[in-house]
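Asks: Each chain is listed here by its residues.
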Amino acid sequence: MKLKGKIWLFGDDIDTDIIIPARYLNITDPKDLSTHIFEPVRPGISEKMTPGDIILAGENFGCGSSREHAPLAIKAAGISAVIAKSFARIFYRNALNIGMPVIICPALYENAREGDTLMIDIKQGKIRNYRTGGVFTFPRFEDFMLDIINAGGLIPFILKKNLIK
Amino acid sequence: MAQTITEKIIARHTGKKTVSPGQHLLARVDFMVANDITAPLFINLLSTISAPRLKLKNRIALVPDHFAPNKDIKSAENVKLLRRFSRRFHIKYFFETGRCGIEHCLLPEKGLVLPGELICGADSHTCTYGAVGAVSFGVGSTDIAGALLSGKIWLRVPETIKIVYQGKPKKWVYGKDIILFTLKNLGRTARYRALEFSGETLSHLDMNQRFTICNMAIEAGAKNGIIEPDRITLDYLKNRARRRYKIFKSDPNALYKDIKIYDISNLEPQIALPHSPSNVKSVNEIGKIEVDQVFIGSCTNGWYSDLKTAAEIIKNKKVADSVRLIVGPATPEIYLRCLKDGILETFLNAGAVISPPTCGPCLGGHMGVLASKERAVSTTNRNFIGRMGHPDSEVYLASPAVAAASAIKGRICHPEEVL
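Heads up: the protein sequence lines correspond to chains P and Y, in order.
Numbers in my numbering are just positions in the first sequence, counted from 1, shifted up by 1426.
Numbers in my numbering are just positions in the second sequence, counted from 1, shifted up by 1.
I should point out that these hints are in silico values taken from the structure, not numbers from a laboratory.
Hints may be right or wrong, so weigh each one.
Unchecked claim - Here are the simulated DSS-like pairs of lysine-lysine, each with C-alpha atoms no more than 25 Å apart in a straight line: (1) Lys-410(Y) x Lys-282(Y); (2) Lys-1586(P) x Lys-153(Y); (3) Lys-1511(P) x Lys-258(Y); (4) Lys-56(Y) x Lys-1587(P); (5) Lys-1586(P) x Lys-318(Y); (6) Lys-1428(P) x Lys-1552(P); (7) Lys-1587(P) x Lys-17(Y); (8) Lys-169(Y) x Lys-153(Y); (9) Lys-1457(P) x Lys-72(Y); (10) Lys-185(Y) x Lys-289(Y); (11) Lys-185(Y) x Lys-93(Y); (12) Lys-1457(P) x Lys-1430(P); (13) Lys-1501(P) x Lys-75(Y); (14) Lys-1591(P) x Lys-1430(P); (15) Lys-1591(P) x Lys-17(Y); (16) Lys-75(Y) x Lys-1457(P); (17) Lys-1432(P) x Lys-1552(P); (18) Lys-153(Y) x Lys-1587(P); (19) Lys-185(Y) x Lys-1511(P); (20) Lys-410(Y) x Lys-374(Y); (21) Lys-56(Y) x Lys-1457(P); (22) Lys-1586(P) x Lys-58(Y); (23) Lys-341(Y) x Lys-318(Y); (24) Lys-111(Y) x Lys-81(Y); (25) Lys-1511(P) x Lys-1432(P); (26) Lys-111(Y) x Lys-58(Y); (27) Lys-1587(P) x Lys-58(Y); (28) Lys-1591(P) x Lys-56(Y); (29) Lys-153(Y) x Lys-1591(P); (30) Lys-72(Y) x Lys-1591(P); (31) Lys-75(Y) x Lys-1591(P).
A quick note: this is a predicted structure, and the numbers were derived from the prediction, not measured.
The shape of chain P in the complex, shown without the other chains (with noise of 0.2 Å):
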């Protein structure tokens, strides 16, 4: 699995409630939940990503609370791959409950800019920053965690596998 897109930059920390914010969320629809992302920060970005966008950001991304709205609507924004130095827990097993790559590479943060264009290959942990030529690598996921992202999410995955018997 490749996947080709333009950073959108953010630091540490970025938590649940910038993600989302809670007053939005008696909304249960992606789409309508996408508009409103990153709000309190960068109010608006939704309607200038595209997709395939890839969003980059520093240590603990995703802290907070445990609303799947939050990689919902980063992944009904059009983004295909958060990549961060580190990820809260939560968010990291909800991303990938609902089939959306994330990454742990804090290399690839230092020299990378807003609008850098990447590469990644999930398969071979390989990610390719196209205006600086870096390649950076990042540790293989476990086995199941890529059958969960094959499937599209941990339902697919479950039925699947045939785990409800």
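Position chain Y relative to chain P; hints supplied.
Replies: Positioned in the frame of chain P, the structure of chain Y alone reads:
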């Protein structure tokens, strides 16, 4: 192999003798919880499957506590979804408004979360239940759907950081101050890890204060917070526990990622400044900070002893003219007890408003949303940008004692200042 309490409980739920940090495993789930924000997502997801068979339908609590009593039409539709789902699948533990409280106070009170169990909830503060000696952690909505269908959840065995508290807390120092102080020291270093709270100090803390400590383990990024059951735990569970349970304790030579020893005998009341729960100072160090609103409640500090402490400070005094004081008992049982004991009367006489049991104010949902440039002292657990309302508002996190004193003075202060 020597194991921590967290490792022993995970081993018990994965059919293994021992487990090691870093392992990814499928674990059996004892109990789950979801609320009116997180449940609609998994209910919609399950509606895409024809005739789903729910293995754990008697092991889930659906608690409409966030935007209920319904704050608007969308919220009402969401709670209706929970209600219909509960009827269709004969969900045993659906809590209707009036019998509903804040999930993390309601479930322990009802004896639904017990020592030795593996509990997951679609709410990040599910770590609260670690105070009874369970491995309990927040997950997402899809996880709940997966566990309802399969009975299991995937997890990574966490490394454990052991926190040893020494000394007896001074007057006006509570579980809230202890955990804020701990967050200041840990920063984000507990991410993905278990926090095992221990030490002689715990013998001075009632269950309410232990719940407060475990409640905020997530603010250090931890997977779970846990306290080994002792006499105080067992007394609390007596006449409450709905299932048989098993007590686990860490082996004396268990391996820890780190051991932190904190002497809290000289600790002063603490306060978390905007915009992080780990941005903590002593109340005495912060100078004069005026406030517009004070909230006493939430899954962190809406317990009976919290409200009792605040009422003792406020008794025969008045809330400052410039301040709105909102008090939220966390459950109907706590509400009723406060009513009978005159605690609500004390608050009303002081000029406070009593809110129904709801998470509303804590997350800027309803019942006390902040306007721009407004500042609140709150006994809740998060002070992120815009957490309680407008992105330009500010939240300071403190104990119920500091919150009550601040409501009287109109600025953040030590409880001693008003007595």
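Asks: Taking the hints in turn, state whether each one holds.
Replies: Evaluated hints:
no.	hint	result
1	Lys-410(Y) x Lys-282(Y)	holds (19 Å)
2	Lys-1586(P) x Lys-153(Y)	holds (15 Å)
3	Lys-1511(P) x Lys-258(Y)	holds (21 Å)
4	Lys-56(Y) x Lys-1587(P)	holds (16 Å)
5	Lys-1586(P) x Lys-318(Y)	violated (64 Å)
6	Lys-1428(P) x Lys-1552(P)	holds (10 Å)
7	Lys-1587(P) x Lys-17(Y)	holds (22 Å)
8	Lys-169(Y) x Lys-153(Y)	violated (41 Å)
9	Lys-1457(P) x Lys-72(Y)	holds (22 Å)
10	Lys-185(Y) x Lys-289(Y)	holds (21 Å)
11	Lys-185(Y) x Lys-93(Y)	violated (41 Å)
12	Lys-1457(P) x Lys-1430(P)	holds (22 Å)
13	Lys-1501(P) x Lys-75(Y)	holds (22 Å)
14	Lys-1591(P) x Lys-1430(P)	violated (38 Å)
15	Lys-1591(P) x Lys-17(Y)	holds (21 Å)
16	Lys-75(Y) x Lys-1457(P)	holds (16 Å)
17	Lys-1432(P) x Lys-1552(P)	holds (16 Å)
18	Lys-153(Y) x Lys-1587(P)	holds (13 Å)
19	Lys-185(Y) x Lys-1511(P)	holds (22 Å)
20	Lys-410(Y) x Lys-374(Y)	holds (19 Å)
21	Lys-56(Y) x Lys-1457(P)	violated (31 Å)
22	Lys-1586(P) x Lys-58(Y)	holds (22 Å)
23	Lys-341(Y) x Lys-318(Y)	holds (20 Å)
24	Lys-111(Y) x Lys-81(Y)	holds (23 Å)
25	Lys-1511(P) x Lys-1432(P)	holds (17 Å)
26	Lys-111(Y) x Lys-58(Y)	holds (17 Å)
27	Lys-1587(P) x Lys-58(Y)	holds (21 Å)
28	Lys-1591(P) x Lys-56(Y)	holds (10 Å)
29	Lys-153(Y) x Lys-1591(P)	holds (12 Å)
30	Lys-72(Y) x Lys-1591(P)	violated (40 Å)
31	Lys-75(Y) x Lys-1591(P)	violated (36 Å)
Of the numbered hints listed earlier, those contradicted by the structure are 5, 8, 11, 14, 21, 30, 31.
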